[in-house]
Amino acid sequence: MTSQVWTIALVAVFGLVAVGIYGLLIMRNLIKLVVALQILAKGVILVMVAAGGVSGKPAIGQSLAITVIVADTVVTVIALALAIQVRRYCGTLDVRAISTLRR
Amino acid sequence: MVIETLVLAAMLICAIQAIRAPRLLISALWLAGCSALLALAIALLGAPEVGVVELSVGAGLVTVIFVFAISIAGEEATPVASLVPRPLAWVLMGLFLLLLIWLTVPGLVAPALHGDSLPFLRALWEARSLDTLLQVALIFSGVLGSLGLLAERHGGTTAPDAGAHPSHDKREATP
Numbered sequence: 018m019t020s021q022v023w024t025i026a027l028v029a030v031f032g033l034v035a036v037g038i039y040g041l042l043i044m045r046n047l048i049k050l051v052v053a054l055q056i057l058a059k060g061v062i063l064v065m066v067a068a069g070g071v072s073g074k075p076a077i078g079q080s081l082a083i084t085v086i087v088a089d090t091v092v093t094v095i096a097l098a099l100a101i102q103v104r105r106y107c108g109t110l111d112v113r114a115i116s117t118l119r120r
Numbered sequence: 027m028v029i030e031t032l033v034l035a036a037m038l039i040c041a042i043q044a045i046r047a048p049r050l051l052i053s054a055l056w057l058a059g060c061s062a063l064l065a066l067a068i069a070l071l072g073a074p075e076v077g078v079v080e081l082s083v084g085a086g087l088v089t090v091i092f093v094f095a096i097s098i099a100g101e102e103a104t105p106v107a108s109l110v111p112r113p114l115a116w117v118l119m120g121l122f123l124l125l126l127i128w129l130t131v132p133g134l135v136a137p138a139l140h141g142d143s144l145p146f147l148r149a150l151w152e153a154r155s156l157d158t159l160l161q162v163a164l165i166f167s168g169v170l171g172s173l174g175l176l177a178e179r180h181g182g183t184t185a186p187d188a189g190a191h192p193s194h195d196k197r198e199a200t201p
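So the protein sequences, as listed, match chains D and R.
Heads up: the first sequence is residues 18 to 120, going by my numbering.
Heads up: the second sequence is residues 27 to 201, going by my numbering.
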């Protein structure tokens, strides 16, 4: 694997993380916040694989990437369940409407 | 190399569309496309096992859960105006990106260390068996936590929620 491929992968990681951070900052819908979090986690998975390949220890990077995939899926499931409960009890998914605490 | 570049560029476009899409369902579908293209890119980068896991879990299971959650919570027209002003969001994103580049690039361009070259399956099941056990525990706690959270109230009691939170939080912090 040439080093140019890893450079391209690293640029893609930066793009994914930037998109995820921007989404986390501007989104108001709880479910779309989880989408932004997923995009951020995809950048982390890609950088794990790339770091394993660059440092000459691909097995460690890949097993850590699998750990990240599993943990991220569990976090997503819990976050979506919480969003459903928020929708059920507060009647909205808007972050600002929830944060006023005037019910 | 051209194929990898194209796949990664298409993945970035899918990610941007997932953020920009106004409807939740369309956003979830763009996210699934992003995940599938990421799986393809990882397989092209020489890690087909991780690609398969990402394709089945990231593109399959997570999308199903998203569609399930959207069908329960329903589409809701959230106002477009964000809490953080957009210029400030761009500035914060740039700062974060600079910090990330400063943290990662020196480590990645350093000379490669050829220490151990374990085969992938041995590294996963033998060298990192504690991680695998923790993942199993994490999956169980996630399933139990989501069942507790999704449970309907019975007769006005709030029983399921109270028990699920603390045990889950403890487990989640472990890996």
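It should be emphasised that the hints constitute simulated quantities derived from the structure, not laboratory data.
Even glycine gets a Cβ: it sits at the ideal position worked out from N, Cα and C.
Be aware that a few hints might be false.
The following label-pair restraints were derived from C-beta to C-beta distances [as the list claims (entries may be wrong)]:
| hint | chain 1 | residue 1 | chain 2 | residue 2 | range |
| --- | --- | --- | --- | --- | --- |
| 1 | R | 128 | D | 73 | 21 to 31 Å |
| 2 | D | 107 | R | 51 | 39 to 49 Å |
| 3 | D | 24 | R | 177 | 27 to 37 Å |
| 4 | D | 28 | R | 177 | 43 to 53 Å |
| 5 | R | 90 | D | 73 | 34 to 44 Å |
| 6 | R | 110 | D | 105 | 38 to 48 Å |
| 7 | D | 24 | R | 118 | 17 to 27 Å |
| 8 | R | 28 | D | 108 | 47 to 57 Å |
| 9 | R | 159 | D | 24 | 30 to 40 Å |
Checked hints:
1. R:128 <-> D:73: 21 to 31 Å: holds, 23 Å
2. D:107 <-> R:51: 39 to 49 Å: violated, 21 Å
3. D:24 <-> R:177: 27 to 37 Å: Taking Cβ atoms as reference, residue 24 of chain D and residue 177 of chain R lie about 49 Å apart, which means the hint is violated.
4. D:28 <-> R:177: 43 to 53 Å: holds, 45 Å
5. R:90 <-> D:73: 34 to 44 Å: holds, 37 Å
6. R:110 <-> D:105: 38 to 48 Å: violated, 27 Å
7. D:24 <-> R:118: 17 to 27 Å: Since the Cβ atoms of residue 24 of chain D and residue 118 of chain R sit about 26 Å apart, the hinted range of 17 to 27 Å holds.
8. R:28 <-> D:108: 47 to 57 Å: holds, 50 Å
9. R:159 <-> D:24: 30 to 40 Å: Holds - the Cβ-Cβ distance for residue 159 of chain R and residue 24 of chain D, about 36 Å, lies within 30 to 40 Å.
Checked against the numbered hints listed earlier, the structure breaks hints 2, 3 and 6; every other hint is satisfied.
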